[in-house]
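Spelled out, the chains give:
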Amino acid sequence: MDGFGPVVEEPNEPPFHEPWEGRVLAMQRALGYAGLWTIDQSRASLEALDPVTYLSSSYYANWFRGVEHRVQSHGLVGADEIAAGRSLRPGVTLPRTLEPAGVAGLKRGEYERPASAPARFAAGDRVRTRNLNPVTHTRLPRYARGKTGVVEAIRGCHVYPDTAAIGAGENPQWLYTVVFDARELWGDDADPATRVSIEAFEPYLEPA
Amino acid sequence: MADHDHEHGSELGEMQLRVRALETILIEKGYVDPAALDAIVETFETKIGPRNGARVVARAWSDPDFKMRLLAGGTAAVNSLGFQSPVGSHLIVVENTPREHNMVVCTLCSCYPWEVLGLPPVWYKSAPYRSRAVRDPRGVLADFGVTLPADTDVRVWDSTAETRFLVLPMRPAGTEGWSEERLAELVTRDSMIGTGLALTPAVPS
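Going down the list, the sequences are from chains G and V.
Mapping to the working numbering: the first sequence position 24 is 24, numbers consecutive.
Mapping to the working numbering: the second sequence position 142 is 142, numbers consecutive.
Hints listed in this document are in silico derivations from the structure and should not be mistaken for laboratory results.
Fair warning: there could be bad hints in the mix.
Unchecked claim - Derived lysine-lysine pairs resembling DSS-like cross-links, with alpha carbons at most 27 Å apart:
id, chain 1, residue 1, chain 2, residue 2
1, V, Lys-47, V, Lys-67
2, V, Lys-67, G, Lys-107
3, V, Lys-125, G, Lys-147
4, G, Lys-147, V, Lys-47
5, G, Lys-107, V, Lys-47
6, G, Lys-107, V, Lys-29
7, V, Lys-47, V, Lys-125
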C-alpha cells in the first residue's frame, strides 16, 4: 500500500509510551517462552486482524489483541474469564514458565534446523520469485512476487514459516538473500542506483 | 507525537483495563510470574538499548581485526564482546561505504536486531516506513534530513526471515585517535538502522 505520508520520528522516544505497553510486551515474551505457539503463529494472528483495526491501532494494542486471542484459542483462558476480568477456574499446565532469573538470558529464538537436502541455489544464481498468494501466512512480500533477482548469500536451513504458522510442521527450508534492482520491483522510473533484498525461502524461488 | 501510533482518551483507559485484567488472569492461573514480567519491562527500559550497538560500531572503527570478524559473522563477533544479553544467530552486519548506503526495514512486521539496538522505535514499526523504505528509500532519508552524495547507491534489506541486520555507519572524519568510548557517542540508533549517519565531531566555537 502507498499513501501513508512521511516518516515522522518522535525525539527521545521512550521504550513504552504507557505502562500497559510494557506489560503487553512482557506477557507476550513470557507466554512465548511457554512454547505453546510459534513466532510464526504469533505473526499470523496479527495478520488476521481486520485491516482497519490493524492500521488504526497502536503497535502494542494490536499485540495485545493477538495475545488475548491466542490465550483463548489455545485453551489457556476462557472467553467468559476475559469478559469477567478474572480467573474463574484453575489454569492448565504449561510446558514451562519463565522465571525472573531467566529474563537476563532471553534472546531471539533459534530457527536453524538440519537440512534434509542440499541447497538448490548458490550465490550468484539468477532466480525468480514465484507468484505465490496463499491465504495463510507467508514471508514472501507482495512487492517481490514474480520478480527476477540474484542470490547473494545462503543463510542456512530454517523453520519454514508458511507451514509453521498453520501447524503443518517446521518443514525446514534453505534461506537465501535475494537482491533485486529497484527497477525490477517498481518499474523503469525507479532509481537505477537502488537495490532491495529479501530473505527468501527456497520454495519461493525458481531458476530464472 | 505520531497521532497514528498513540491511543487517545477513552481508548487508552480501555487498554489499561483490558491489559491489567488479562495480566491478573494469567498470574492467577500460574501462567506467568509477575516478577518475571517486571524484569522484562525493566530489561527493555534500562538494560538493552542502542548503546550496545554503538559499542560494537566503535570497536569496529577502532579495531580492523574485529571489523573483519564482525562483517564475516555478526553474531559470533558481538557475543565475543561479552555483553550481558546474548545475541541470537544470524546477525548480519552491513557496512556503509561511499559507494553504498544500507537501510534496514521489516515490511511484514517489525523484525529488528533488538539485542543490540533495544526495542524498535514507533516509526520503524509503522505503515509509512514499512511501505516506503523499499519503494523510495531516498525519500525516506529525506524525511530524516539525510541526503546522500549523488554517486552513493542505496541498498535496502527487508528482514523477511530470522536474519537480522545491523548497519555499520561510516566513521566520521576528524576522529583520529579517539577512544572507543568517545567514538560510541557519535553512533546514533538511526545510523545503525540506516536512516541516519553517525554524528560528526562538534566544531569548537
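Hints and how they fare:
{"no.": "1", "hint": "V:Lys-47 to V:Lys-67", "verdict": "holds (25 Å)"}
{"no.": "2", "hint": "V:Lys-67 to G:Lys-107", "verdict": "holds (23 Å)"}
{"no.": "3", "hint": "V:Lys-125 to G:Lys-147", "verdict": "holds (25 Å)"}
{"no.": "4", "hint": "G:Lys-147 to V:Lys-47", "verdict": "violated (42 Å)"}
{"no.": "5", "hint": "G:Lys-107 to V:Lys-47", "verdict": "holds (13 Å)"}
{"no.": "6", "hint": "G:Lys-107 to V:Lys-29", "verdict": "holds (26 Å)"}
{"no.": "7", "hint": "V:Lys-47 to V:Lys-125", "verdict": "holds (21 Å)"}
The structure fails hint 4 only (numbered hints given earlier).
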